[in-house]
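Top to bottom, those sequences are chains A and B.
Residue numbers for the first sequence, in the numbering used here: 1 to 423.
Residue numbers for the second sequence, in the numbering used here: 1001 to 1179.
Please note that the accuracy of each hint is not assured.
Derived BS3-like pairs: lysine-lysine, alpha-carbon spacing no greater than 25 Å straight-line [stated by the list, open to error]:
#1 A:287 to B:1164
#2 A:196 to B:1032
#3 B:1066 to A:187
#4 A:200 to A:187
#5 B:1066 to A:200
#6 B:1032 to A:136
#7 A:329 to A:187
#8 B:1162 to A:287
#9 A:220 to A:200
What the hints contain is simulated information worked out from the structure, not anything from laboratory work.
Note that the structure is predicted; figures quoted are calculated from it, not measured.
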Amino acid sequence: MANKVREDRRQFLHKAGLGGALTGLVSSISLPVWAGAEKLELPDALPKWMKVPGEEFSNYGQPSEHEQQVIRWISANSAAPGNGVSWTPLHDLQGTITPNGLHYERHHNGVPQIDPAQHTLLIDGLVEQPLSFDLKSLLRYPMQSRTCFIECGGNSNSGWRTNPIQTQAGYAHGLVSNAEWTGIPVKLLLQEAGIKPNAKWVIAEGADAAALNISIPLDKLLDDALLALYQNGERLRPENGYPLRLVLPGWEGILNVKWLRQLRLTDEPLMSRDETAQYTELQPDGKARQFTFLMEAKSLITSPSLGMMLQDNPGTYQISGLAWSGRGKITRVEISADGGDTWVDAELQTPILSKAFTRFNLPWHWQGDYAILQSRATDETGYVQPTREALVENRGRHGFFHYNAIVSWEITEEGDINHVYGF
Amino acid sequence: MYMASKALMVVAWLIFFLSPSYAESEFQALGKAANELSHSAQWNISISPNGEGLPPGQGTAAQGAKLFALQCAGCHGPDGIGASAEPLMGEVGSLTSDYPEKTVNSYWPYATTLFDYIRRAMPINAPFSLSADEVYALCAYILSKDGIVSSEAVLDEQSLPKIKMPNRDGFIAVHSDNR
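Whole structure, please, built from the sequences with the hints as guidance.
Here's what the structure looks like:
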């Protein structure tokens, strides 16, 4: 497999004529000539930050002032400013971990400012003994860490529109982020309360001003769900559920209830607003898909992508992006530069974690020709990311949620990048 | 000295690993019995399709119309459609058209959901500010606009769960809960 990838890559570079260009490049570089003969005044030649003491320590570090443009893009309701989303700038990030300040947000009515000393988690309903927990107690339970993505069911929904949206990668697809969550396996707490045999669903409720409530199959909570208290090593950020939230690896964001206050075990789902009116997908026949919890495999080239320019013509560019699947591990990401006629395997960065971002990379030599860059992910169940055509054919255009089609970036002969459909 | 402390450590190690409490469980169960909490109103906000959880109270469409104009129309529009917030009324039967509208009346499968949601989340600038009577009245008004209940209907904890929404059978469960 590794050999196959290397061979494919060699061909991908070659077909585009890079082999020759690279060797040419190497031989034309000459070593710098030692400038000492000119007798340079050393301090003048050094940058100013090497000649004065730097800034003092900081209690909590912030990004460089030169990176201030790397931000979440907020799209909220002006009549209700706490209702809306903010997008992770995937196009500005590398690696696989989303920094805590850039994790995407979806709030229904703002970020509650919860005093942990006054917060209670209640587990009740079909249990032997209803139990309440305070934060002090929860912090004493054994914890596990899990790196996984959380993706809003409505991520990439602009893909359903008739015209391709011209916005940067993260601002169309960044309602997904990837973090290391640490917390208590939910199973431990449910078992402490004692699960009655007729319990099948769990109604989770948040302590925000939307009192968000939603039904979750009990099986998922007994499988790999975490009651998360930490995010990338520090306590949860308020906008990500402080002091505690559910993390259900691979399942749509709405179920990962933030500011969790209650888990009530029941035999039936509640049919709450966010599992009927919203987060359901209307099909062309008028029926709606409901309880579509799993986020299917998806990938996205984050660089080069819209908003960037290919500056050197010809030039070598590192195609880089992210792939993820709610079913498990990503096993393959293929890249096409010709709108899907031919594909080459990208290299997958290790470790490849189940239900987590996988970074893929592939060097590409661009010779100034018109190109359409695409990535296509396959996961360990054999599921292959669909084309937009196939997705729309299957689901119609009014489902709104669960859009996971291949994304196409058009490269013009000038090196501009546009979002296009239909290849 | 060194030998003595080493021996102590071994003893401590044995106590730690062989004590029955360690063998039983690797953590201390710290949940507190919460039977009372579990029955109190503030922990019973969710309302099931069968009406479980509905508070006593009642309201009419006429009462709801006044409340709607004052507290809801600003964001949802005077007719409950076409403003900054989600459409609530009208468009029944539009789901198979080229321009489907998912309103409460065209799309929602249960009327209990409407009570549950308005009480916990609306008006969005003052959640939990409406009385049970006011929420029943708003439900009656919204549903009566498309003839789902009559404009004379009085909604309460008995009648609300009995309402059959037009799109009651419009959903297909993708995740199966058969265990």
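Can you give the numbers of the hints that this structure goes against, from lowest to highest?
Of the numbered hints, 3, 5 do not hold.
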